[in-house]
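Single-letter residue listing:
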Amino acid sequence: EDQVTQSPEALRLQEGESSSLNCSYTVSGLRGLFWYRQDPGKGPEFLFTLYSAGEEKEKERLKATLTKKESFLHITAPKPEDSATYLCAVQRVSGTYKYIFGTGTRLKVLA
Amino acid sequence: SAVISQKPSRDICQRGTSLTIQCQVDSQVTMMFWYRQQPGQSLTLIATANQGSEATYESGFVIDKFPISRPNLTFSTLTVSNMSPEDSSIYLCSVGRVETGGEAFFGQGTRLTVV
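Residue numbers (the numbering used here), protein chains in the order written: chain A, 1 to 111; chain B, 112 to 226.
Do not rely on the hints blindly, as some may be mistaken.
As the list claims (entries may be wrong) - In silico DSS-like cross-links for lysine-lysine, where the CA-CA straight-line distance does not exceed 25 angstroms:
(1) Lys98/A <-> Lys68/A
(2) Lys69/A <-> Lys42/A
(3) Lys98/A <-> Lys57/A
(4) Lys68/A <-> Lys42/A
(5) Lys98/A <-> Lys42/A
(6) Lys176/B <-> Lys98/A
(7) Lys118/B <-> Lys98/A
(8) Lys79/A <-> Lys57/A
(9) Lys42/A <-> Lys118/B
What the hints contain is simulated information worked out from the structure, not anything from laboratory work. On a predicted model such as this, the values are computed, not experimentally measured, just so you know.
My request is simple: use the sequences and hints to build the entire structure.
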């Protein structure tokens, strides 16, 4: 069965303290892995798509990487405005284009 | 990307009643999905809204409880029927285009409270 697991569940960082969020997945044929950011009371906001192992994407202080079993979201020198829940989702090669979401990591960056 | 308008943004409903949530997109999209998000939890897919045909429901969700319509490529509705307090949740519409890589975009959500 397809499964997506994110760790840690919650993370508190001091401003400027770099860290990584993990997304482990089991899926029968990966079409793509997606990272989203969700602020309280809002819908998820698209960040990155990764399609194959070894691929990397960057946006400001965020960098996403992908292996055959997991993805990492690296946050370099975070700021308080980076505080949010980060969600990972996978899409299978076969069938519909539906997403399977992980449980998310709640990030809090302290000033 | 796509601009998604979801209505209502929130509602408080009596148990036993029904609520219809609308999702309007500013351009044609291939994919439309409906998700539920319990407070503090991740997203659970309810169904894929298929244009001109019956929606495809995930395990644990049935058409009688969550009827979905998608009359065209820019509009869909989700109805939550015969509501109970357990239906209190955030309901999210999601859209995407296969031809642009499959990434999905989300509406702001509908916060439903059933009393």
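Consistency of the hints with the structure:
Restraint check for Lys98/A and Lys68/A: satisfied, since their Cα atoms lie roughly 20 angstroms apart, inside the 25 angstroms limit. Distance check on the hinted pair: Lys69/A and Lys42/A sit about 29 angstroms apart at the alpha-carbon level, beyond 25 angstroms; violated. For the given pair, Lys98/A sits about 22 angstroms from Lys57/A by alpha-carbon distance, which is consistent with the 25 angstroms threshold. Between Lys68/A and Lys42/A, the direct Cα distance comes to roughly 31 angstroms. Violation of the 25 angstroms bound is thereby established for this hinted pair.
Annotation: proposed proximity of Lys98/A to Lys42/A holds, straight-line Cα distance about 20 angstroms (limit 25 angstroms). About 21 angstroms separates the Cα atoms of Lys176/B and Lys98/A, which keeps this hinted pair within 25 angstroms; it holds. The hinted pair formed by Lys118/B and Lys98/A meets the criterion: a straight-line CA distance of about 22 angstroms does not exceed 25 angstroms. Distance restraint check for Lys79/A and Lys57/A: the Cα-Cα separation of roughly 20 angstroms lies within the 25 angstroms cut-off, and the hinted pair is therefore satisfied.
Of the pairs offered as hints, the one joining Lys42/A and Lys118/B holds, with about 13 angstroms between alpha carbons and a cut-off of 25 angstroms not exceeded.
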